[in-house]
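K.L.:
Sequences and hints are given; from them, build the entire structure.
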Amino acid sequence: MSTGEKKRVINRVKAMYPLRAKVDESYLRSQEAIKAGKPTVWAMLNFCYGDPILKAMDIEVVYPENYGAALAAAGVARGYLDRADAEGFPTHLCGYSRANFGYAARLMELGGEPPPEAPMGGMPKPLFLLSSVAVCDARYKWFQALGRYLDVPVWTLEAPLPGIREFQLEGCYEEMVKLSVSHLRDFVTFVEKAVGRKMDWDRLDEIVNLMMEINRVSHEVNELRKAKPCPMHSRDFWSAMPPALFLLGDLKESLQLYKNLYDEVAERVENGISAIPEEKYRLVFAELPPWHSLDLFDRLAERGWNFVIESFGYHPPPPVDLSHVKDPLERIARYSLQRMVANYRDALQKNVVAGADVYIYLKYVSEWKCDGAFLHPLVSCRSASTHLPHLANILMERLKVPSLIVEGDIVDLRLFNPQDALQRTEPFEEAMEHYRRVRRELGFDW
Amino acid sequence: MAAKGLSRAKEVCSQRPAVAKGATARGKKVIGYPCVYVPLELLAALDIVPYRLYGEMREPVTEADRVLPASFCPIMRSCLDCALKGRHDFLDGVITIHSSDPQEKTARIWQSYTTLPYFHFVDMPGTTRPEAVDYFASQLKGLVTTLESLSGKKLSADNITKAINAYNHQRSLVQSLFQLTRPSPPLLTGTEIVQVIKAVMSLPVDEGNQLLTEVIEEAKARKQKSEAQRARLLLWGSTTDDAEVMAVLESNANVVFLEDCGGYRPYRGKVSTAGDALTALARHYLTEITCARTFIQNVAAPTKKDYHKDLHARYGYLKSVITDWKVDGVVLLLVRYCDPFAFEVPAVKDYFASLGVPATYIEYDYTEGSLAPMRTRVEAFLETIG
Amino acid sequence: MVCYMGIDIGSAYSKGVLLCGGELVASCVRLSGIDHHATAAAIREQLLASLDVNEPQTVLVVATGVGAGNVGFASNKMSDIVCTARGINRLFPEARTAIDIGAQSTRAIKLDSRGMVTDFAVSEKCAAGSGRFIEVIANVLRIDLEEFGSLSLKSKNPVTFSTGCAVFGESEAITRVVEGVAKEDIAAGVNLALGAKIASLAKRIRLQPPCAVCGGGALNRGLIAAVESELGIRLLLPAEPRTVTALGAAIQAVPKPA
Amino acid sequence: MAEGVHLGDLFFAGIDIGSTMTKAVIINAEGNIAAAIKGPTGAEHRHLANDVMLKALDGAGLKLEDVACIIATGYGRFNVPFADEHITELSCHAKGVCHLFPGARTVVDIGGQDAKCLKVREGRLIDFAMNDKCAAGTGRFLELTAQSLGIKVEDLAALSEKATSPVEISNMCTIFAQQEVVMHLSQGKRIEDIIAGLHRALAERVAALARRLGVEPEVVLTGGVAKNAGMVLAMGQSLDCELLVPEEPLLTGALGAALLARERTIRLLAEGKPLERKPRRLEKATFYS
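Protein chains in written order, with the numbering used here: chain A, -7 to 438; chain B, 3 to 388; chain C, 171 to 428; chain D, 1266 to 1554.
No lab work stands behind these hints, which were simulated from the structure alone. Check each hint, because a few of them may be wrong.
With a straight-line cut-off of 30 Å between C-alpha atoms, the simulated DSSO-like cross-links for lysine-lysine are [as the list claims (entries may be wrong)]:
id : chain 1 : residue 1 : chain 2 : residue 2
1  : C       : K326      : B       : K87
2  : A       : K117      : A       : K185
3  : B       : K307      : A       : K117
4  : A       : K30       : B       : K306
5  : B       : K311      : A       : K185
6  : B       : K6        : B       : K164
7  : A       : K392      : C       : K426
8  : A       : K342      : C       : K373
9  : A       : K272      : C       : K247
10 : A       : K355      : C       : K373
11 : A       : K361      : A       : K251
12 : B       : K222      : B       : K12
13 : B       : K311      : A       : K392
14 : B       : K351      : A       : K170
15 : B       : K87       : C       : K324
16 : A       : K(-2)     : D       : K1454
Non-contacting residues of chain A with respect to chain B, defined by C-beta distances greater than 10 Å in every case (computed) [what the hints assert, rightly or not]:
id : residue
17 : R12
18 : R195
19 : K220
None of these values were measured; they are calculated from a predicted model. Note that the Cβ used here is the ideal one computed from N, Cα and C, for glycine as well.
P.N.:
Structure (structure tokens):
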């Protein structure tokens, strides 16, 4: 649903474009590779766990989660959703999964040939499925349920997630590492059997280092966004993130592109260049953006709303020096665990026991100096929504920062109504003004 | 003269908090747990009374509205609502476990909005691989650490073995309880079983075992009612914590097997007393409890998976239930937003179809309002199989 | 002289208010219907009719509500949340919280002494908690909305509604009816269920008394009583709760002193 | 009266208490309709059951004693004190529809509280699917929305016929759909297109339900909305097949109940069992006295 006007207001970072382009490029390249008979795997976004291994084994990866979004954006999701419904999948399940069930059912009735109506050539029949227990139940139950259509095995990646207090118990972290490492070792054996090739450990070693370096740079870019005015808008982050998040294409090339991004953003900071004409308010966005009506952010930019930080789940883990760790699998494990545990100690110190995904937003808001939070609960995606009411409460309690909540969905795009958001901008600005005064009175520095 | 057997079970269900408060009054520590994956053996070994926490179907959710969205497991939502309303304030603490997202997410909110002296969250792996069992065992070790400091007692080889034996006895008692539903007509109704299990989960292990023994005696003594043959149903779902729901299912049939956490599921198998106790417990809970949350699959070859072999690996244990309990039909009963089980629905239906047993899926939203439509669906289902 | 008009095109009803010389000279309410342009024009007619035709008038109009876009003759559009805050502030300067119970959604708004919004929350789309719930059940009970509130106050033992959703609630109500539960007890149960939802919305923004209530739902005395008992405070009730937002819009039409 | 009972003299009744309408049908031994009545279901079910039954009897020129067996169905079936048996509306619809359309294989019934899709064979229900409780897929979806627009349900069909480009309506939830409708209106969309959009949304929701069972011709559409030509059109498009609609789409449930009452009696007679009928009184009991 468009907000009507189409005027572009956000001052996009030029170095973002080649990173964004990499999505389509690598997509086309993998399409060719697949046609050339290269093995393909369907994977869940697995937060650095499995991707480097698949990359080292030279396997093409497609992400049904993203494809679900693509189906929705192309407006062809409905047919697949109805098919999933007809297959007997309850209608309250994750919208992406339901779209994927409908797709898989079509794929197999066409003898494994991608359906003609599928956008971007569709997803080919996979060699195996790589799911992950991280983030939500759907992300492994979904692939297990695909067994109804695809006669290929599922590898379910473990992702330990202890409580913030319990994490402090002696040995907890090392046990998490132990689980992850031996688990990844088994996974490598599994992949070797599947493709009938041995792992090139040196290559893996190099890929892991590049992965960490890419993420480090992208982390530094976000640090730069603490500047006032903020030089880079959330839209640029979302456009630029895929190469780091999915290890797309050539990693050396990606690394260079992120460095270029860093340089341009750094230069903007130097010259006090803002991402929007006049930064009146700095906002944080959680979690998944309304992909189909992103021009809403232009309308908000006209009112001086600058989105300076966002979507914890898409952000790189904080950098950590693992040069002393020789085993690449252990480096993968420790690095992936970073995403959650890096903040556990701080979270406990600040007595935020509701999980890293809540604590991180307190950090974002206080370090990126946000005036407000834009929260976007998704009706059919519980993992991106459940913590938001608590998040709104704790941001107000601890930091006196108000939240604007506008509901949406991941596939039923009509559920998100930009008008609702725009209707509420006026009163929300009054609220942000009010709490600015309150924060000053309480001695906060923004 | 205190009530015994089934009437005692009814009594306990109707005044669960009072019963638990009784234990605290006797100077015992009482710990609440919302999910059957919490190894109660560890509590019993340290002389702590476990107390199962449920939602309250008749109670409108108000407090939880402020901390959880509407589209969320209504059972955990209601369970948290009760907690926020102070219903569990008499407890010495709560143990939650990462058995599903709703459990994990609710735990974090729970911990953030209540001030119980003790709160522990146990992480759980998703698979049953060896390294996963080891990790789960290490998590249980962490639980023991905090429980020991709470109770001021130490976990010894002796008291953990005693506890494991006591709970293994409870398992075998529940298993024999379900033998009583095999004759036709059954000696116990599903409605009675829901109450018995709910009562057992609200009592210290020995009292629970005592109650089960009484109920078994009482039911065995029953005269075979030669009533008109009613359809024999298998209930498959997450959990049933309300006798009225079962009464609706049984208005024109008998639920002779409850494959859910309010029935047989938590009591399948036995914990091995050989080797390290924590590893034994970890392995048992991870592999014996057949909740949809645990990832199981059968892989034929590195890149091949046979759907029917896979179904058998996931649901094979139901085959003998269908034959031994002479099941005429299966009701798949889930609350809305129960993702782990909802993803299973088409597959488990396929499995029952392969056994030639009709199955129907009923979804409700954990409100009284959903009972009337539920009844219509069950009756219509019975008409299709009758 | 200059007059100021506020027009609030809501999802179910549209309201208008006319201020002249700081005095409220006219107000009206009518169904929004399906042609918002026509509705807006009709409201304008009705309000202007109260003015002396011989006296030349300038009328500044501010539109608000979901249909604000269809008030072509408005000089300005304003957010209904802001207008509600201003309207309440005009009627009850001491009020620090306002609860607006509309047909489709309920809003809890915190405001300061100048009527500026300091925080607000809107009821979740799915959690219902809107006046629509009442309408639906009133329809089941075959009673009109006016009756609903007074009837519910007669209840000795209200039924418990385990859901706030209008549609689920409807089947629950029918079930109760079938069981032979008295009308007033069902009505009271509905008010309690909705009252609890509204109260928790207000708590979400840490309600600060004094608290005023407006919107169509405020006409339901049983509902107000339910909210009051849930929150444990008395609520300030305007004489004409439905036109408060329109009043706020009219106030917004007054040019700010430079 | 078991002695010398002649099936030919007997009559049979079915009464169907739905969430919005109550219907009664009386048939004779040949299964021909002697009387058919419908009236709105109010709060006072029992009161209404009596009224409708009385009207039906008057219509057939019969006395209660003349009716050998009464079967109650529908949402309020347990609230008909004078019924000999209670059977779900699903089986009764199956029976009634197959009586009218012997070739029927699939029945789509869009009622007030729920939408059902039935698979039927020779008058027997063999499988079914009902919508999960969200009313987005029920007749209430249209009713409530029409109500909130101040439009009569009867006028929906005529309006939707004038549609040129139906709007997309999210079919998540009735309440939410109404917000969406208002939004479309405020954006100046034509009411005709919005109504057509509503029909399509409902049709798609119900069609998905029907596909769970697999749609086999002949397909019969029953329930209140079957009177709405716009809805019949949309439903036909979504299922992409010909739809048969009974003259009285509201009565199939009651008719089925009456037919089952007839079968029950025939069975009893065949088994030589007495037609023990509980003494019936149409007491004018109401809930609110």
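K.L.:
Hey, K272/A versus K247/C, does the alpha-carbon distance stay inside 30 Å?
P.N.:
holds, 21 Å
K.L.:
Holds or violated: K361/A and K251/A, Cα atoms, limit 30 Å.
P.N.:
Judged against 30 Å, a Cα distance of about 25 Å means the pair holds.
K.L.:
Just to be careful, I want the Cα atoms of K222/B and K12/B compared with a cutoff of 30 Å; is the pair within it?
P.N.:
Holds. K222/B to K12/B sits at ~18 Å (cutoff 30 Å).
K.L.:
Would the hint linking K311/B and K392/A be met if the CA-CA limit is 30 Å?
P.N.:
Violated, because 56 Å separates the two Cα atoms, which is more than 30 Å.
K.L.:
Holds or violated: K392/A and K426/C, Cα atoms, limit 30 Å.
P.N.:
Within the cut-off at roughly 29 Å; holds.
K.L.:
Does R12/A sit more than 10 Å from chain B, CB to CB?
P.N.:
R12/A clear of chain B: closest Cβ-Cβ about 32 Å, beyond 10 Å.
K.L.:
Hinted pair, alpha-carbon criterion (30 Å max): K(-2)/A, K1454/D. Please report holds or violated.
P.N.:
The hint holds at about 20 Å.
K.L.:
Straight-line Cα separation of K117/A and K185/A no greater than 30 Å?
P.N.:
holds, 18 Å
K.L.:
So R195/A supposedly isn't at the interface. Is its beta-carbon more than 10 Å from every beta-carbon in chain B?
P.N.:
holds, 21 Å
K.L.:
Is the hinted pair K351/B and K170/A satisfied, with a Cα-Cα distance of at most 30 Å?
P.N.:
Violated: K351/B and K170/A sit about 38 Å apart, past 30 Å.
K.L.:
For a C-alpha distance cap of 30 Å, please report whether K311/B and K185/A respect it.
P.N.:
This hinted pair holds, its Cα atoms lying about 20 Å apart.
K.L.:
Would the hint linking K355/A and K373/C be met if the CA-CA limit is 30 Å?
P.N.:
holds, 25 Å
Hint compliance for this structure: hints 13 and 14 are broken, all remaining hints hold.
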